[in-house]
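Protein chains: 2
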Amino acid sequence: ALGLLASGAPQPPNIVLMLMDDMGWGDLGVYGEPSRETPNLDRMAAEGMLFPNFYSANPLCSPSRAALLTGRLPIRNGFYTSNAHARNAYTPQEIMGGIPNSEHLLPELLKKAGYTNKIVGKWHLGHRPQFHPLKHGFDEWFGSPNCHFGPYDNKVKPNIPVYRDWEMVGRFYEEFPINLKTGEANLTQLYLQEALDFIRTQHARQSPFFLYWAIDATHAPVYASRPFLGTSLRGRYGDAVREIDDSVGKILSLLQNLGISKNTFVFFTSDNGAALVSAPKQGGSNGPFLCGKQTTFEGGMREPAIAWWPGHIAAGQVSHQLGSIMDLFTTSLSLAGLKPPSDRVIDGLDLLPNMLQGHTMDRPIFYYRGNTLMAVTLGQYKAHFWTWTNSWEEFRQGIDFCPGQNVSGVTTHTQEEHTELPLIFHLGRDPGERFPLSFASDEYQDVLSRMTQVVQRHQKSLVPGQPQLNVCSQAVMNWAPPGCEKLGKCLTPPESVPEKCSWPH
Amino acid sequence: ALGLLASGAPQPPNIVLMLMDDMGWGDLGVYGEPSRETPNLDRMAAEGMLFPNFYSANPLCSPSRAALLTGRLPIRNGFYTSNAHARNAYTPQEIMGGIPNSEHLLPELLKKAGYTNKIVGKWHLGHRPQFHPLKHGFDEWFGSPNCHFGPYDNKVKPNIPVYRDWEMVGRFYEEFPINLKTGEANLTQLYLQEALDFIRTQHARQSPFFLYWAIDATHAPVYASRPFLGTSLRGRYGDAVREIDDSVGKILSLLQNLGISKNTFVFFTSDNGAALVSAPKQGGSNGPFLCGKQTTFEGGMREPAIAWWPGHIAAGQVSHQLGSIMDLFTTSLSLAGLKPPSDRVIDGLDLLPNMLQGHTMDRPIFYYRGNTLMAVTLGQYKAHFWTWTNSWEEFRQGIDFCPGQNVSGVTTHTQEEHTELPLIFHLGRDPGERFPLSFASDEYQDVLSRMTQVVQRHQKSLVPGQPQLNVCSQAVMNWAPPGCEKLGKCLTPPESVPEKCSWPH
Ligand SMILES: [Ca+2]
Ligand SMILES: [Ca+2]
Numbered sequence: 149a150l151g152l153l154a155s156g157a158p159q160p161p162n163i164v165l166m167l168m169d170d171m172g173w174g175d176l177g178v179y180g181e182p183s184r185e186t187p188n189l190d191r192m193a194a195e196g197m198l199f200p201n202f203y204s205a206n207p208l209c210s211p212s213r214a215a216l217l218t219g220r221l222p223i224r225n226g227f228y229t230s231n232a233h234a235r236n237a238y239t240p241q242e243i244m245g246g247i248p249n250s251e252h253l254l255p256e257l258l259k260k261a262g263y264t265n266k267i268v269g270k271w272h273l274g275h276r277p278q279f280h281p282l283k284h285g286f287d288e289w290f291g292s293p294n295c296h297f298g299p300y301d302n303k304v305k306p307n308i309p310v311y312r313d314w315e316m317v318g319r320f321y322e323e324f325p326i327n328l329k330t331g332e333a334n335l336t337q338l339y340l341q342e343a344l345d346f347i348r349t350q351h352a353r354q355s356p357f358f359l360y361w362a363i364d365a366t367h368a369p370v371y372a373s374r375p376f377l378g379t380s381l382r383g384r385y386g387d388a389v390r391e392i393d394d395s396v397g398k399i400l401s402l403l404q405n406l407g408i409s410k411n412t413f414v415f416f417t418s419d420n421g422a423a424l425v426s427a428p429k430q431g432g433s434n435g436p437f438l439c440g441k442q443t444t445f446e447g448g449m450r451e452p453a454i455a456w457w458p459g460h461i462a463a464g465q466v467s468h469q470l471g472s473i474m475d476l477f478t479t480s481l482s483l484a485g486l487k488p489p490s491d492r493v494i495d496g497l498d499l500l501p502n503m504l505q506g507h508t509m510d511r512p513i514f515y516y517r518g519n520t521l522m523a524v525t526l527g528q529y530k531a532h533f534w535t536w537t538n539s540w541e542e543f544r545q546g547i548d549f550c551p552g553q554n555v556s557g558v559t560t561h562t563q564e565e566h567t568e569l570p571l572i573f574h575l576g577r578d579p580g581e582r583f584p585l586s587f588a589s590d591e592y593q594d595v596l597s598r599m600t601q602v603v604q605r606h607q608k609s610l611v612p613g614q615p616q617l618n619v620c621s622q623a624v625m626n627w628a629p630p631g632c633e634k635l636g637k638c639l640t641p642p643e644s645v646p647e648k649c650s651w652p653h
Numbered sequence: 149a150l151g152l153l154a155s156g157a158p159q160p161p162n163i164v165l166m167l168m169d170d171m172g173w174g175d176l177g178v179y180g181e182p183s184r185e186t187p188n189l190d191r192m193a194a195e196g197m198l199f200p201n202f203y204s205a206n207p208l209c210s211p212s213r214a215a216l217l218t219g220r221l222p223i224r225n226g227f228y229t230s231n232a233h234a235r236n237a238y239t240p241q242e243i244m245g246g247i248p249n250s251e252h253l254l255p256e257l258l259k260k261a262g263y264t265n266k267i268v269g270k271w272h273l274g275h276r277p278q279f280h281p282l283k284h285g286f287d288e289w290f291g292s293p294n295c296h297f298g299p300y301d302n303k304v305k306p307n308i309p310v311y312r313d314w315e316m317v318g319r320f321y322e323e324f325p326i327n328l329k330t331g332e333a334n335l336t337q338l339y340l341q342e343a344l345d346f347i348r349t350q351h352a353r354q355s356p357f358f359l360y361w362a363i364d365a366t367h368a369p370v371y372a373s374r375p376f377l378g379t380s381l382r383g384r385y386g387d388a389v390r391e392i393d394d395s396v397g398k399i400l401s402l403l404q405n406l407g408i409s410k411n412t413f414v415f416f417t418s419d420n421g422a423a424l425v426s427a428p429k430q431g432g433s434n435g436p437f438l439c440g441k442q443t444t445f446e447g448g449m450r451e452p453a454i455a456w457w458p459g460h461i462a463a464g465q466v467s468h469q470l471g472s473i474m475d476l477f478t479t480s481l482s483l484a485g486l487k488p489p490s491d492r493v494i495d496g497l498d499l500l501p502n503m504l505q506g507h508t509m510d511r512p513i514f515y516y517r518g519n520t521l522m523a524v525t526l527g528q529y530k531a532h533f534w535t536w537t538n539s540w541e542e543f544r545q546g547i548d549f550c551p552g553q554n555v556s557g558v559t560t561h562t563q564e565e566h567t568e569l570p571l572i573f574h575l576g577r578d579p580g581e582r583f584p585l586s587f588a589s590d591e592y593q594d595v596l597s598r599m600t601q602v603v604q605r606h607q608k609s610l611v612p613g614q615p616q617l618n619v620c621s622q623a624v625m626n627w628a629p630p631g632c633e634k635l636g637k638c639l640t641p642p643e644s645v646p647e648k649c650s651w652p653h
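Just so you know, the sequences run in chain order U and P. Those letters in the first sequence? Residues 149 to 653, per this note's numbering, in order. Those letters in the second sequence? Residues 149 to 653, per this note's numbering, in order.
What the hints contain is simulated information worked out from the structure, not anything from laboratory work. Mixed in with the good hints, there may be bad ones.
The list makes no distinction among identical chains, and a pair is therefore deemed to hold if it is satisfied within one copy or across any two copies.
Unchecked claim - Below, a list of computed lysine to aspartate or glutamate pairs in the DMTMM-like style, where the Cα atoms sit at most 20 Å apart:
#1 Lys429 / Asp590
#2 Lys329 / Asp590
#3 Lys637 / Asp301
#4 Lys429 / Asp594
#5 Lys329 / Glu591
#6 Lys429 / Glu591
#7 Lys259 / Asp498
Please put together the full structure from these sequences, using the hints given.
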């Protein structure tokens with residue numbers, strides 16, 4: 149039964165968004181991973197709704213996360229670079245930019261409906277003080293502003309801090325060890341405990357809560373805690389997946405044991421495709437799809453996605469709705485009884501009509517790389533206006549975003565423009581983007597004219613945000629985050645010399 | 149409850165082997181096909197046991213079928229060619245050879261336990277009278293000796309006949325139309341009806357039965373009946389899969405409605421990997437695996453596989469047992485209370501200890517192409533002794549068994565020998581065979597020494613059968629099969645001029 153808020157209004161459902169890092173579409177048993185080691189996620193799908201056609205908003209971590217929390221494409225919310233044509237960009241430590249104050253983040257809005265909001269794990273929307281998640285609507289934070297890269301020397305580059313709320317409580321590779329040789333780290337267990345504690349506390353407080361569980365064990369360097377290390381048929385990456393799967397099971401069990409599963413909407417997805425550049429030991433699987441992280445092929449942006457809300461979303465459903473990570477913004481607002489902001493373009497749709505009533509909504513999926521619209525999907529068809537994996541120079545150095553895959557004229561190592569005559573694929577017959585439609589076919593002509601209209605409408609009304617990922621400076625790195633004094637861990641930043649960030653691909 | 153035979157002995161379970169044609173590992177929802185259009189097969193898996201590591205004995209139709217029915221590798225039972233090194237061969241109409249009389253086929257043996265045996269669909273073990281399935285243990289047949297290729301002119305080449313038992317009842321493209329333009333054919337409906345009728349009749353007779361349901365709608369030219377045409381998100385191939393899925397559902401439902409599901413062992417699999425050379429319109433999906441039909445990469449020989457036996461095989465299990473199509477021979481004998489022949493090598497294992505008690509058996513999977521051992525899998529490791537897809541000449545003509553895939557030094561277009569230093573892959577971390585282990589690694593050395601022992605043992609004791617696929621003659625084709633007189637459809641064969649068959653890849 150729904151509870152009541154202090155105001156007497158019926159209490160909206162709790163919201164748990166589980167966002168994985170670099171986990172691929174093909175990494176779950178229910179999506180066909182041959183080792184099938186995700187019994188909890190597979191059960192979550194069997195008890196809920198599986199989305200085989202769910203997309204990230206970008207093939208990289210931070211733009212994708214900014215899109216989730218704003219409901220807007222990175223080209224609108226500023227999480228892109230204009231330093232070069234069609235470049236992938238994210239938020240390394242030295243980035244000057246971050247989430248603009250002008251953006252309304254999901255937790256900010258949920259507060260208005262009485263939610264208590266917590267982020268567990270990776271923020272990745274900026275390192276400078278003004279970008280702190282507690283300044284953008286979150287009430288609590290346990291996690292880090294960036295990936296768990298390292299170890300760094302704390303001279304040229306500081307180790308990434310781990311925060312509890314406003315203050316750092318240590319750094320990766322120091323207070324929060326990660327053994328790169330063995331892959332051992334207990335971070336997923338910490339993140340699990342934070343989630344369980346938060347759920348218990350908010351339940352006791354009778355407060356509706358929003359938990360953004362943004363864990364990162366599947367991002368290279370992948371890690372798992374000792375009980376999971378060496379247990380997967382898939383190696384270390386699989387160990388990380390198994391620990392995550394186990395944790396998801398524990399979170400869902402807690403919701404059931406507390407009797408709040410029917411009042412808690414849970415969604416599981418990932419921020420971008422598996423990083424095949426790190427495969428096979430440090431990267432996952434994109435199943436039958438082409439290429440991986442960094443690319444605008446399906447492997448870069450099609451994501452595992454499961455919705456779970458017992459008593460509301462019927463069990464065992466598969467939805468072929470084209471879904472987007474940005475829909476989690478609008479859907480969450482809808483769950484809270486809120487309308488999305490009306491003063492700006494919101495790209496996310498409310499998926500509740502699809503999840504609850506089975507309505508399918510027509511909508512395009514846009515695939516951007518930096519400032520460039522690379523591709524669009526409409527219904528079953530995908531058109532590529534630009535193709536690029538990475539440069540020949542990088543490729544020859546062994547950086548390969550499509551290992552073992554090579555589709556002639558498609559997985560190109562030069563930026564190829566197809567805006568006049570896009571490469572079009574039928575993703576139903578050809579999910580692997582291997583067989584472009586013949587330009588001369590009626591099918592091609594029909595699709596192209598529909599696509600063109602949609603793209604023109606999109607581009608005509610597009611107002612790009614101020615690009616946040618153009619300028620870098622060593623001085624903005626995490627030298628002396630708040631709380632460092634208490635720990636005696638303040639480092640001295642160098643002088644600020646802002647410069648153009650370099651984005652190689 | 150088990151019935152009793154006329155002899156008073158308890159009645160062994162019925163056996164239904166559903167063998168698909170060119171259906172790929174990735175074609176079922178439960179194996180991750182993105183359109184997820186196989187609700188009946190997915191339910192069959194949820195009610196039974198899924199095998200993600202199940203293999204054909206050959207990447208082509210007839211050798212694979214000969215292996216299933218004899219429990220023996222094609223190199224032993226004669227279903228190979230020695231006309232050239234490492235050539236794929238099967239049984240076209242003009243083949244002189246077929247299943248040798250010296251081989252003991254599964255239905256022959258099951259007869260001894262009182263089974264009534266029926267083959268529905270494609271036989272493919274030889275066209276000449278001595279190879280007729282009713283001479284090899286089957287009591288009934290509705291189907292064809294070959295694929296539904298055509299239409300032929302009945303002058304240079306006759307259309308393939310369709311048999312009922314001993315006599316032909318028509319020919320494909322004549323009495324049994326297939327519309328190549330629309331893809332319409334009602335053959336799957338005919339094959340479904342034959343299965344349902346046989347099950348009902350044998351149930352009424354209280355006879356244990358063996359149904360070998362070898363349907364072929366997913367072999368190019370793919371077809372579906374009118375109610376299914378145009379219904380799949382995947383195009384015509386998907387229409388065929390949907391009709392098959394629907395038919396599987398109807399067969400399982402009948403078993404349940406008759407109350408004999410607990411006394412009927414059902415196994416679903418395919419004869420070889422999806423024919424990517426015919427994709428995307430006429431070929432399926434091998435999921436994350438490399439290449440397809442014709443090759444000894446995983447895409448050529450790893451198959452979908454589901455065991456279903458309510459009340460005996462517990463629901464919802466996944467078995468990582470390395471399984472083989474040849475195990476269906478030995479397992480079926482075991483179900484019937486029979487021992488496999490002891491006067492010859494049987495490659496198939498009895499899977500019942502795995503399916504019923506969860507025992508995992510160590511065993512190698514051998515990947516032959518013609519007379520050549522191309523690769524072996526042991527545990528999680530696969531070693532390639534030879535790599536070849538097809539010749540440069542064929543490849544340049546557009547014949548591509550690995551479209552969009554290219555693993556340097558692996559998907560070779562010349563026959564590359566690696567017998568001294570095999571390419572070894574870890575199929576758990578790297579199911580797509582993209583990242584060979586480093587020759588210098590300890591892992592490589594460990595695995596190689598174990599592999600070498602297994603292969604040496606195999607090769608030392610191997611006695612190749614007389615190759616059946618070496619000699620062809622136009623005269624042996626289906627000019628005047630028995631029953632042609634009644635139909636007025638006898639054609640005049642040309643003079644017999646036996647010659648070496650040519651196998652291009
Ligand atoms: Ca990521
Ligand atoms: Ca076949």
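Now for the hints, and whether the structure bears them out:
In the homo-oligomer, the alpha carbons of Lys429 and Asp590 lie at most 20 Å apart only across protomers (16 Å), although the nearest pairing inside one protomer, at 44 Å, exceeds that limit. In this assembly of identical chains, the alpha carbons of Lys329 and Asp590 lie at most 20 Å apart only when taken from different copies (16 Å versus 56 Å within one copy). In this homomeric assembly, Lys637 and Asp301 come within 20 Å of each other (Cα to Cα) only inside a single copy, at 13 Å, whereas the closest approach across copies is 86 Å. With identical chains, the CA atoms of Lys429 and Asp594 are at most 20 Å apart between copies only, with a shortest distance of 19 Å across copies and 43 Å within one.
Within a single copy, Lys329 and Glu591 get their C-alpha atoms only as close as 53 Å, which misses the 20 Å cut-off; across copies the closest is 16 Å, which meets it. Taking the shortest alpha-carbon separations for Lys429 and Glu591, only the inter-copy value of 14 Å comes in at or below 20 Å, while the best intra-copy value is 41 Å. Taking identical chains as interchangeable, the C-alpha atoms of Lys259 and Asp498 lie at most 20 Å apart only when both belong to the same chain, with a minimum of 19 Å there against 61 Å between chains.
Consistency with the previously given hints is maintained throughout, with no hint failing.
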